Amino acid sequence: MDIRFTEDHEWIRVEDGVGTVGVTDYAQRQLGDVVYVEVPEVGKAFTKGDESAVVESVKAASEIYAPVSGEVTAANEGLAEEPALVNSSPMADGWFYKIRLADPSELEDLMDEAAYKDFVAGLE
Amino acid sequence: MRYLPLSAADRAAMLERIGASAVDDLFRDVPASVLLKKPVDLPGHASEMEVERDLVGMAARNVPAGAVPFFVGAGAYRHHVPATVDHIIQRGEFLTAYTPYQPEISQGTLQYLFEFQTQVALLTGMEVANASMYDGSTAAAEAVLMARRITKRKKAVISGGLHPHYADVIGTVTRFTDDDIVRAPVDVTGSEDLVSLVDEDTSCVVVQNPSLFGHVRDLRPLADAVHQAGGLLIVVVTEVVSLGAIVPPGEMGADIVVCEGQSIGNGLNFGGPYLGLFATRQKYVRQMPGRICGQTVDADGRRGFVLTLSTREQHIRREKATSNICTNSGLCALAFTVHLALLGEAGLRRLAQINHTRAAMLVDKLAAVPGVEVVNDTFFNEFTVRLDRPAAPVIEELARRKVLAGVPVSRLIPGDERLASLMLVASTEVNREADQDVFAATLSEVLS
Amino acid sequence: MMNRQGRPTAPGEATAGATTAMTFTGHRGLEHEEPLLFELGDPGRSGVDLPVMASASNRLGGLERTQAIGLAGLSEPEAVRHFTRLSRKNYAIDMGIFPLGSCTMKHNPRLNEKMARLPGFADIHPLQPESTVQGALQVMDVLGHWLRTLTGMPAVALSPKAGAHGELCGLMAIRAALEARGDARSVVLVPESAHGTNPATAALCGYQVKSIPANDRGRVDLGALREELGPDVAAFMLTNPNTCGLFEDAILEIADAVHGAGALFYCDGANFNAIVGKVRPGDLGIDAMHINLHKTFSTPHGGGGPGSGPVVFSEALAPYIPVPNVVHGPDGLRLVEQVNETDASFGRLTAFHGQMGMYVRALAYMLSHGADGLRRVAEDAVLAANYVLAGLSEELTPSFEGPCMHEALFDDRFLKGTGVTTLDFAKAMIDEGFHPMTMYFPLVVQGAMLIEPTESESKRTLDEFIAAMVSLARAAKSGDVERFKRAPALAPVRRLDETTAARRPVLRWLPEESEEAAR
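First to last, the sequence lines map onto chains A, B and C.
Start counting the first sequence at 64; every next residue gets the next number (my numbering).
Start counting the second sequence at 25; every next residue gets the next number (my numbering).
Start counting the third sequence at 555; every next residue gets the next number (my numbering).
Since the hints were derived computationally from the structure, they do not count as laboratory data.
It is possible that some hints are incorrect.
Unchecked claim - Residues of chain C clear of chain A, computed beta-carbon distances all greater than 10 Å:
| hint | residue |
| --- | --- |
| 1 | 563 |
| 2 | 576 |
| 3 | 665 |
| 4 | 806 |
| 5 | 967 |
| 6 | 984 |
| 7 | 1000 |
| 8 | 1044 |
| 9 | 1052 |
| 10 | 1057 |
What the hints assert, rightly or not - Okay, derived cross-link-like pairs now, BS3-like style, lysine-lysine, Cα gap no bigger than 25 Å in a straight line:
| hint | chain 1 | residue 1 | chain 2 | residue 2 |
| --- | --- | --- | --- | --- |
| 11 | A | 107 | B | 344 |
| 12 | B | 179 | B | 344 |
| 13 | A | 107 | B | 178 |
Every value quoted in this text rests on a predicted model; they were computed, and no experiment measured them.
The C-beta atom is built at its ideal place from N, Cα and C for all residues, glycine as well.
Okay, chain A solo, but in the shape it has when bound (with noise of 0.2 Å):
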C-alpha cells in the first residue's frame, strides 16, 4: 500500500493498481461543511489532471483534478446521502472514487506522506 498526495491537496492510495481517491483533511478544514459531493460516473476515463469531481460547501464549489490517468472502477454513492463523511472522515470513509492505473510511474510525481506535511506547514 502506497500514499501520495497534490498540491491541489488530493490523496491517493494505491493497492494491486487500483487507486482511491480523496482530499485531505488540510482540504476539508479549508472548505468547510461539505453540503454536496459529485462524484464520476464508473467506467469513465480521466488523463492526469483532468476535472474528475466536484465538492461543494455552502459558499464554495471546488474541482478535484485526477491524480493519475486512468479508468474509475468505483465511486463512493454513500456521499450523495451523507456529505458530511468528507469532513469527519476525509481520509477513509470520506473517499470519492477509485481509479484503476494507466500508467503507475506518474505516481512518482506526486509527494509522499512527508514531503506533503512539509508541503501543508509551508502554508499555514
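Since the structure of chain A is already known, use the hints to place chains B and C on it.
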C-alpha cells in the same frame, strides 16, 4: 435637489476631513482628457410637479386597456388585481430591500419566496420551483439549456404552437452554442405531431399549453414518447390562470414547467416587469437556474429561511454556473404570492371558471359575425378566429373605433400569407358581456 | 482546488443556546412569529369576491383539473396582516443606510412609483396597436436619448431585463459583429475581481474565459492583459470603476491595447453611478456597456428584482443590436419587432419590449435630477465613499490607497489574531442597526468588506455609521469576541444554519415537515 441630503457646508467639512480641496481631486484617477468640465447636453433638474406633468402628458398619449373594451392576450393578460396586492408591494420593507444575502434581516423576503415556491410547485404539479426568473420567455430558454445539461444532448424540438417570441428567445440564446434547435412548422390546428420529430439525440421537446392559438392538449402521449427516447418534456404556460382549470403539466409528465406568471398579481405594464415561473422534478434541482430559497433553523433552533444551493450560481461558480442569471423578479413574485393567497384554491378555481365561461360566450358572439370563422375546438380564455380579410388593418380600424380587439398573428409571424387573416382573441373576468357585444357589433360593422 | 470563499455557514457551538427573552406566545413585542401562509389559510377561504359561474359549455377537451391543488387562501384582513408582519422582518433602504458595495442601494423616490402606476403606462398591453401606445414609445425614445447622451454612445438596446441579461446582449452583439467580419475568436478576458456574471455570460456565449490578475494597486495588470491579448481574443470585459471601487486609470491604454488586438471592449456598467455626468464611457473607447437602471437610476431592488439592464453600443456594434427597437416613422414612433434577413440584429432577448415599468421610474429620476443633478449624484457618491474611507482608515485596513470612487474596500487584516472574521463583524453590524457591507467580494483581497454609501446618505448618517464601525473594530481588537460570535442577537432570527439547508434541501412547504419544525 430634493434627493440629495448633503449641504454645501457638509461637503466642505467632508472634503476637509478627507484632505481634498475640491471634489474633482477625488476624480484624479480619471484621465484629464475625458473628465467632463460641464454637464452634458440635457435639460437641467426639475421639481416633482414638473416631472409629473411631463410624464402624465406622455401617459395621456396611450389608450389604457381599462378605458375601452379590451381583448388582447398572446402572452400577457389583463386581470383584476386586488388593491391589497399593490399596497403590500409598496411597503418600503419589501420595495426597497436588497436580495436576501443577509438572511437574519431578510426573513420577510425569504419567507414569501418559500411560500411562492410552494405555490408554484402546487400550481404546476411539480416537486420544486425556484424563486422566479425574468419572464416566461427567458425561463423557457433557461429550460432548454437545463435539459441540455441533464441529457447531454443537443437537439431541442420546438412546437409550432409555442409563442413565436419565446421560440425566438430560445433561438437567440442558443445562437452561439452548438445546440440544434428544430422549430416545427406553425401549427394553427392544435393537432401537430411532434412525436415523429423526437429521436435518440433529442434533449427536449418544448410545447405550450394552451398553445399560442389557444388549443388545450393532452400532453401525456407526447411525454411518454419523449421519455422513451430519453429526452425531457418542457411545458410552457403563458396564461397561468389556466392552471386553475386544466390538468397541470406535472400530472401530464412534464419534466420542466415554465410559466409567464404576470396574470396573477401583475399588471400589463407594456410587457414588463413580469415574472417567470420555473418548476422541475426534485432530482433535477441541482441543474436548475436561478435563486432558490430553503428552510433551515437558526442558532436557537427556530425555523428560518435562507438562499440555498448557491454553488449552482454565477457569484460562486462563475463560468461554470448553471446560468448567468443574478437578478430575479422578487417584487413581482411577491405580487403573485399575495394575489394567489387572496384567491386561495377556491378563488383560483372560480377565477379560471369565469375566464373560460367568458371566452366561451365570446366565441359564440364572434362566430355569429359574418366573415368570422372560429378555428378552435378547445380553448381556455383565448382562441383564434379567421377573418375574411387580413386581420391587422381590421384591428387598426377597431382601435380607431375604441375597441382593442386582439392580436393579428401577422404581427408575431409576419410574411406568411396563410396566417394573415388570423386574430388571437382573449377574454378574461374583466370583460363584461356588454363589452363583448360592443366588440361583436363593431367587428360586424368593420367587416361589412 | 482551494477556493477563497470558504467561511463558517453553520451557527456553531459558540453561538448556541437561547439568549432571547421567553414569552408565552413566542412573539417579542412588535416582533411577531409568523406561520407560513399554508399553516394559516385553507383551500376554501378566499379574500376575493368572485361569482360562481356555471359554464355554458366546457371547451377544455376533457382536461379539467379535478385533483385538489393544495393552495391556501386567506381573507383580506388575514392577508394584509400576514404580509405586513413578514415585511417587518426585513431591513430596507427606507429604514437606514444599506452600504452594500457594488449593489448601489440609493433612495427610491416615490414619484417614480406614482408615475409607473399611471394607467397610461401600467395598463397598456405590449401588443396593442402602435397608434394606441405613442406615449409609451415616447418614454422609450426619450430614455434612450438620455442614456445615449450620458454615455456618449450612438446606439442603445433597452430590452435586457437585468444586468446579466445586458451582459449577454453586449457579448452577443460582439460575437455577431466578429462573425460578420469572418473573424472567429474563442476567448473572452475577464479580470479576477469581476462580478461572477461576467465569466458566466461569456461561457453562455460559447467563449472560453481567461482571468486577468490585478496589480498591487487594485487595477488591471496591463502587462498581463497585453500578454493575453491576441488574435483569439474576442473581447475584454471590464468593470469601471472596478469592483475594488477604483477608477481604472489606464483605461485609455487598455482600450487601445484591446482594439489593437482586434478585440472589442465590453464595460460592466454596474458602477456607472460613480461617473454619471462626469465621464462618458464613449470617450473611453468602450464598445458596449450595460446600465443597471436599478442601481444608477434608482429603480427599487424589490428584494432581488425586477431589474432592468439597457445596453449602449459604439458605432461598430450598432447594426447588431437585438429587437425590439423604437424608431421614428412618418406616422410617429414605431417598433421594429422582427429580425429581417437583410439586417444584422442578433435576435430577440425577451418576449416583449423589456421593463417598461422600470423605464418610467428611471426616466422620472433622470428628469428630476437633470444633467446638472446627475453630475452631483456622482460627486456626492464619491465624496461620501471617500469620507467613509477617511473615517475608517485608522481602525480598519483599507486594501488600496485612495482616493476611491463610489465605494471603499477594506480587508480583514485589522482582525488578524482577534478570532473575529469578516462574517462575524458583519453580523455584529446587524445588532448595531445597520445592514452589513458586501462581504467576501471582490475575491482579490482576503475577507473583503466593500462599503458603498451612495449619495443618498446625510453627513449625520455617515458619521453614525463610521462611529459604529470604529466601535466594533475596537471591540474586536480588545478581545470582546463573544459580542461577534453570538451576533446577531437582536435580529428577528439568529444566525441561520446554511449547511443543513444545503445538505438536506427543504424547498417548499410540506405538511409533515412543517409539523416537525413546529414541534
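Going down the list of hints, with the structure as the test:
| no. | hint | verdict |
| --- | --- | --- |
| 1 | 563 | violated, 4 Å |
| 2 | 576 | holds, 30 Å |
| 3 | 665 | holds, 39 Å |
| 4 | 806 | holds, 37 Å |
| 5 | 967 | holds, 17 Å |
| 6 | 984 | holds, 18 Å |
| 7 | 1000 | holds, 13 Å |
| 8 | 1044 | holds, 24 Å |
| 9 | 1052 | violated, 5 Å |
| 10 | 1057 | violated, 5 Å |
| 11 | A:107 / B:344 | holds, 21 Å |
| 12 | B:179 / B:344 | holds, 21 Å |
| 13 | A:107 / B:178 | holds, 21 Å |
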